[in-house]
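Q: Based on the sequences and whatever the hints tell you, model everything.
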Amino acid sequence: NAGVMQNPRHLVRRRGQEARLRCSPMKGHSHVYWYRQLPEEGLKFMVYLQKENIIDESGMPKERFSAEFPKEGPSILRIQQVVRGDSAAYFCASSPGPDGGAAEPYSGNTIYFGEGSWLTVV
Amino acid sequence: GQNIDQPTEMTATEGAIVQINCTYQTSGFNGLFWYQQHAGEAPTFLSYNVLDGLEEKGRFSSFLSRSKGYSYLLLKELQMKDSASYLCAVSPADSWGKFQFGAGTQVVVTP
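If you read the protein sequences in the order shown, they are chains A and B.
Taking our numbering, the leading residue of the first sequence gets -18, the next gets one more, and so forth.
Taking our numbering, the leading residue of the second sequence gets 117, the next gets one more, and so forth.
Read the hints as simulated data drawn from the structure, not as lab findings.
C-beta atoms are modelled at their ideal positions from N, C-alpha and C, and glycine is treated no differently.
A couple of the hints might just be wrong.
Claimed, not checked - Not everything, but these chain B residues come out facing chain A in the computed CB check (under 7 angstroms): (1) 155; (2) 159; (3) 161; (4) 164; (5) 213; (6) 214; (7) 218; (8) 220.
Stated by the list, open to error - Computed list of chain B residues with no C-beta within reach of chain A, every gap over 12 angstroms: (9) 131; (10) 137; (11) 163; (12) 170; (13) 177; (14) 185; (15) 186; (16) 193; (17) 225.
A: Right under this line is the structure:
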């Protein structure tokens, strides 16, 4: 049972370039969340998506950041014109959603994280 | 909004017990979660409390008091591999999956 898959695991970009981070949710999960973890800080919610819909993007910076979860394929977090302050670990998580779904080993109410994508802007 | 507080670091010896406290202030509540995160790795789910009381799962237990806005994670029979950051997270009532995380408690287990 594959977990949440993220790639790339590590990404280096120069200032001004674009970064694209991909996330495939756990099998049976239709809800995807993106979180950012800055060095020495806690995880911060960015965006919550279902297939083809953005449900809550209240944690997304207003500029340069966008996210999508198309009908086919992984969810993508896109950062345009990266700056040094974007250097962080970006974690994707998935869940079946509040209406249940695939059997869960612990609780249907939690979210399960991928291994993360570490972005370094030089 | 939510404010989640937990200690920055705790040190304990192998075989001992450590209790990590977490207090929260929230305008809505749909459950409290504990995650373990080793350096450079993903957070992994440990426990979930939505009702008051103690949930026990092997060496780890978690307690919740909603009236006090308080939870703790209890780690028993500490092992070296338990050295990690432990994250307290609250799920608000109004937005599924939009967890509010504390900054994490770094637990250092010494021989």
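Q: Now tell me, hint by hint, if it's right for this structure.
A: Verification of the supplied hints:
1. 155: violated, 11 angstroms
2. 159: Given a least distance of 5 angstroms, the restraint on residue 159 (chain B) holds.
3. 161: holds, 5 angstroms
4. 164: holds, 5 angstroms
5. 213: Residue 213 (chain B) check passes; min Cβ-Cβ to chain A is 5 angstroms, inside 7 angstroms.
6. 214: The hint holds - residue 214 (chain B) has a Cβ within 7 angstroms of chain A, the shortest such distance being about 5 angstroms.
7. 218: holds, 6 angstroms
8. 220: With a closest approach of 6 angstroms, the residue 220 (chain B) hint holds.
9. 131: holds, 26 angstroms
10. 137: holds, 16 angstroms
11. 163: At about 8 angstroms from chain A, residue 163 (chain B) fails to clear the 12 angstroms cut-off, so the statement is violated.
12. 170: Answer for residue 170 (chain B): holds, closest chain A Cβ roughly 16 angstroms.
13. 177: holds, 14 angstroms
14. 185: Nearest chain A Cβ is 18 angstroms from residue 185 (chain B), so the label holds.
15. 186: holds, 18 angstroms
16. 193: holds, 21 angstroms
17. 225: holds, 20 angstroms
The structure is inconsistent with the numbered hints 1 and 11, although it conforms to all the rest.
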